[in-house]
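**Student:** Here are the chains, one letter per residue:
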Amino acid sequence: MAAGKNLSLFKDKPVKVLLAKPGIDGHDRGMFVLAKAFRDAGMDVLYAGLLPTPEEVVDTAINEDVDVIALSLLNGAHLVVFKKVADLMKKRGIDDIAIVGGGTIPDADKPKLEKLGITGNYGPGTPLKTIIEHIIMRAEEARSRKLGIA
Amino acid sequence: MVDSSSFWSEKFRNIEERNKNEDPQYKKWKKEVLEKWNPGSEEKEFTNSSGIPIKELYVPGDLDGDINERLGYPGTFPFTRGIYPDMYRGRLWTMRMFSGFGTPEDTNRRLKYLIQHGESGLSIAFDMPTLYGYDCNNERAEGEVGKCGVNVSTLKDMEILFDGIDLGNVSTSMTINAPAIVLLAMYMAVAKKQGVPLDRISGTVQADILKEYIAQKEWIFPPEVHLRMIRDMMVFCTEKAPRWNYISISGYHIREAGASAVQELAFTLADGFHYVEMGLDAGLSADDFAPRLSFFFNSSINFFEEIAKMRAARRIWATVLKEKYGARNPRTMMLKFHTQTSGYTLTWQQPLNNIIRTTIEAMAGVLGGTQSLHTNSYDEAWALPSEKAVKVALRTQQIIAEESGIADTVDPLGGSYYLEWLTDEMEKQAYSYFDRIEKAGGILKAIKTGYIQKEIANTSYKRQLRIEEGKEIMVGANKYVEENEPPIKILRISKKAQLSQRKRLNDILASRDQDKVRRSLERLEDAMKDESVNLMPYMIEAVESYATIEEISNIGRRLYGGWKEPVIV
Numbered sequence: 001m002a003a004g005k006n007l008s009l010f011k012d013k014p015v016k017v018l019l020a021k022p023g024i025d026g027h028d029r030g031m032f033v034l035a036k037a038f039r040d041a042g043m044d045v046l047y048a049g050l051l052p053t054p055e056e057v058v059d060t061a062i063n064e065d066v067d068v069i070a071l072s073l074l075n076g077a078h079l080v081v082f083k084k085v086a087d088l089m090k091k092r093g094i095d096d097i098a099i100v101g102g103g104t105i106p107d108a109d110k111p112k113l114e115k116l117g118i119t120g121n122y123g124p125g126t127p128l129k130t131i132i133e134h135i136i137m138r139a140e141e142a143r144s145r146k147l148g149i150a
Numbered sequence: 001m002v003d004s005s006s007f008w009s010e011k012f013r014n015i016e017e018r019n020k021n022e023d024p025q026y027k028k029w030k031k032e033v034l035e036k037w038n039p040g041s042e043e044k045e046f047t048n049s050s051g052i053p054i055k056e057l058y059v060p061g062d063l064d065g066d067i068n069e070r071l072g073y074p075g076t077f078p079f080t081r082g083i084y085p086d087m088y089r090g091r092l093w094t095m096r097m098f099s100g101f102g103t104p105e106d107t108n109r110r111l112k113y114l115i116q117h118g119e120s121g122l123s124i125a126f127d128m129p130t131l132y133g134y135d136c137n138n139e140r141a142e143g144e145v146g147k148c149g150v151n152v153s154t155l156k157d158m159e160i161l162f163d164g165i166d167l168g169n170v171s172t173s174m175t176i177n178a179p180a181i182v183l184l185a186m187y188m189a190v191a192k193k194q195g196v197p198l199d200r201i202s203g204t205v206q207a208d209i210l211k212e213y214i215a216q217k218e219w220i221f222p223p224e225v226h227l228r229m230i231r232d233m234m235v236f237c238t239e240k241a242p243r244w245n246y247i248s249i250s251g252y253h254i255r256e257a258g259a260s261a262v263q264e265l266a267f268t269l270a271d272g273f274h275y276v277e278m279g280l281d282a283g284l285s286a287d288d289f290a291p292r293l294s295f296f297f298n299s300s301i302n303f304f305e306e307i308a309k310m311r312a313a314r315r316i317w318a319t320v321l322k323e324k325y326g327a328r329n330p331r332t333m334m335l336k337f338h339t340q341t342s343g344y345t346l347t348w349q350q351p352l353n354n355i356i357r358t359t360i361e362a363m364a365g366v367l368g369g370t371q372s373l374h375t376n377s378y379d380e381a382w383a384l385p386s387e388k389a390v391k392v393a394l395r396t397q398q399i400i401a402e403e404s405g406i407a408d409t410v411d412p413l414g415g416s417y418y419l420e421w422l423t424d425e426m427e428k429q430a431y432s433y434f435d436r437i438e439k440a441g442g443i444l445k446a447i448k449t450g451y452i453q454k455e456i457a458n459t460s461y462k463r464q465l466r467i468e469e470g471k472e473i474m475v476g477a478n479k480y481v482e483e484n485e486p487p488i489k490i491l492r493i494s495k496k497a498q499l500s501q502r503k504r505l506n507d508i509l510a511s512r513d514q515d516k517v518r519r520s521l522e523r524l525e526d527a528m529k530d531e532s533v534n535l536m537p538y539m540i541e542a543v544e545s546y547a548t549i550e551e552i553s554n555i556g557r558r559l560y561g562g563w564k565e566p567v568i569v
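Here the protein sequences line up with chains D and V, keeping their order. Take the first sequence: its letters are residues 1 to 150, numbered as in my numbering. Take the second sequence: its letters are residues 1 to 569, numbered as in my numbering.
Just so you know, not all the hints are guaranteed correct.
Under 7 Å between C-beta atoms, here's a sample of chain V residues computed to sit facing chain D [claimed, not checked]:
#	residue
1	Phe101
2	Met128
3	Lys217
4	Glu218
5	Pro222
6	Ala257
7	Gly258
8	Asp288
9	Gly450
10	Lys454
11	Tyr480
12	Pro486
13	Pro487
14	Pro566
15	Val569
Over 12 Å on every C-beta distance to chain D, these chain V residues come out as not near it, computed from the model [unchecked claim]:
#	residue
16	Glu10
17	Ile15
18	Pro39
19	Val59
20	Arg70
21	Tyr113
22	Thr130
23	Ile301
24	Glu403
25	Lys445
26	Lys496
None of these hints come from the bench; they were simulated from the model. Even for Gly, the Cβ is constructed at its ideal location relative to N, Cα and C.
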């Protein structure tokens, strides 16, 4: 499905995104830029704060009923830590919340993350528009599942 | 001390009233020559990162008042042109390349290699678990051990890190903040084991916790707890380890977090003034301890703006230390600083272009009068630098130092109408920020309420939008873009570091004298509960018993909890 084709899904409730850095990593400049950009794009944005555990991220995502978890790490631990979030979601049987990633992620790691269902995995210099379109696309999938129309 | 708010606003007004260009010749030239040459020239806007509009030309009229008074001669107040009379003619800046990765053995080999090649200034990077006061066997450290720097969990790791290196003969800069007092205690313990007296060790712990809350976000406890630990290092080192710099007041991270050059300048110096006031409150005089305060600035890509920032920083520091904090000794007034080129300006795309960016930024650092310099490597938008990339970065400094002629005379750009005007302008805007911070209740309150962080986040977002709109250019990223670039070869840290660190820690935990550990941690806890006690000796005792960095940090976590940052977006 092309991004934006099914925006009626979000008529009553806008796209809801949880931004989180689930590792031991305080590089949050990009998170704050994204938070503002997502909000300007009409999304409902939550930020998980400094150093949340993967468990906390998953709990927040479920309790807040978000459409997308947007993970970021710039410390090289993405393969271990993003995976923990994806595994926890799977363990809890959640399939109506999408996970996307970003940060300093070498090309070689991207297929490994995609296999876990973590898409995007954008690096520095990616235009905001590209990221926003990707979030909306993944949010559409998640929202369709939530509404049982997938 | 003088009344703060009127001090800052008066400084601001003095500069504002001074530099009004009323030069009739300039006006005539503008009207009769420039406007005829290019009738639309007024429409296009030129600004720098600080949002300062840049005119088409600067002339003597832009620099009213006594320019010599605000420049001074090199090595004399207010040190605008440099803190030493001969600057790089006498001694080049220190080429201090930041390194650290994997296990203490890995980094020890790298340090020895650097020493063999003539380096005497070591600079150590720690990994994320160490920076946040977690042991390598904590579940949260999974996948992070040795990744962004070397891992240190106990004194044993520190002993290996400095094995075969005479701590009486090197100076060691350690980039460590929240647990700085623990790492300093370990360093002192290693020195003791080597038989090196404390008054002979020299080096720096970064320990600038205020900029952690502002920008780098590596704290463990609420601000007051960390500030007390800094006070204790300050007092202890002033007495026992006079060659140790217990703080490096850092603008680098503030800038990387998205601040403009003026914000970096203002917030860093405001942090510095807070530490000075802390020392004064602890009963020291500025001349007792302030000569040991040093700074760390970013050098970004707008060449003249960076040079102006560094020159303005020296002038402000000297003036404020003298006029506000009662310094008498010129050494107290000298702002010494380390520079690192900007990581943010490096692009992931077309990475070789980063060599050029780093060169421009390194030149700005040198022309700004830095005491030491780290040049980033071209592959650092991707990962920790490869050996090949580090070598190019070091050679960049050597070419500037030994081929370019830039270091042949002191402050070669001094007297440039543009640069001097811009230096004044940066200084003026910094004074305006000091006044605003004062009115917001001081820097600590301005951090706790999120005022400073919001200012930075706003600047950062505005800049990102300008980049998106193509108003600000990043070559290769938003202009002259190439599709399908081949990937570059990057450094990868193996999982072996984590395995071997965890094994060593488990061995230590099993073999140390548990009673000794327990007693030392109890004594440390008692000391922490009493504000008036200096923690340093108790920290040294605890690390010497092989208590871990996490056990030590957990005392504070239990007593004071963590700190939740204000919501800023």
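**Student:** Please go over all the hints and tell whether each is borne out by the structure.
**Tutor:** Structure-based check of each hint:
1. Phe101: With a minimum Cβ separation of about 10 Å from chain D (threshold 7 Å), the hint on Phe101/V is violated.
2. Met128: Hint on Met128/V: holds, closest Cβ of chain D at ~4 Å, below 7 Å.
3. Lys217: holds, 3 Å
4. Glu218: holds, 5 Å
5. Pro222: Violated, about 13 Å.
6. Ala257: Cβ of Ala257/V sits 5 Å from chain D, so the hint holds.
7. Gly258: Holds, because the Cβ-Cβ distance from Gly258/V to chain D comes to roughly 5 Å (cut-off 7 Å).
8. Asp288: violated, 33 Å
9. Gly450: violated, 11 Å
10. Lys454: At 10 Å from the nearest chain D Cβ, Lys454/V fails the 7 Å test, so the hint is violated.
11. Tyr480: With Cβ-Cβ at 13 Å, over 7 Å, it is violated.
12. Pro486: violated, 10 Å
13. Pro487: At about 5 Å, which falls below the 7 Å cut-off, the nearest Cβ of chain D leaves the hint on Pro487/V intact, so it holds.
14. Pro566: This interface hint is violated because 11 Å lies over the 7 Å limit.
15. Val569: Given a least distance of 4 Å, the restraint on Val569/V holds.
16. Glu10: Holds, because the least Cβ-Cβ distance between Glu10/V and chain D comes to about 35 Å, which exceeds 12 Å.
17. Ile15: holds, 31 Å
18. Pro39: Consistent with the label, Pro39/V stays out of reach of chain D, its closest Cβ about 36 Å off (over 12 Å).
19. Val59: holds, 39 Å
20. Arg70: holds, 35 Å
21. Tyr113: holds, 23 Å
22. Thr130: violated, 10 Å
23. Ile301: Its Cβ never comes within 12 Å of chain D, the nearest being 15 Å, so this holds.
24. Glu403: holds, 32 Å
25. Lys445: At about 20 Å from chain D, Lys445/V clears the 12 Å cut-off, so the statement holds.
26. Lys496: The assertion about Lys496/V holds, with a minimum of 15 Å to chain D.
Violated hints for the displayed structure, listed by number in ascending order: 1, 5, 8, 9, 10, 11, 12, 14 and 22.
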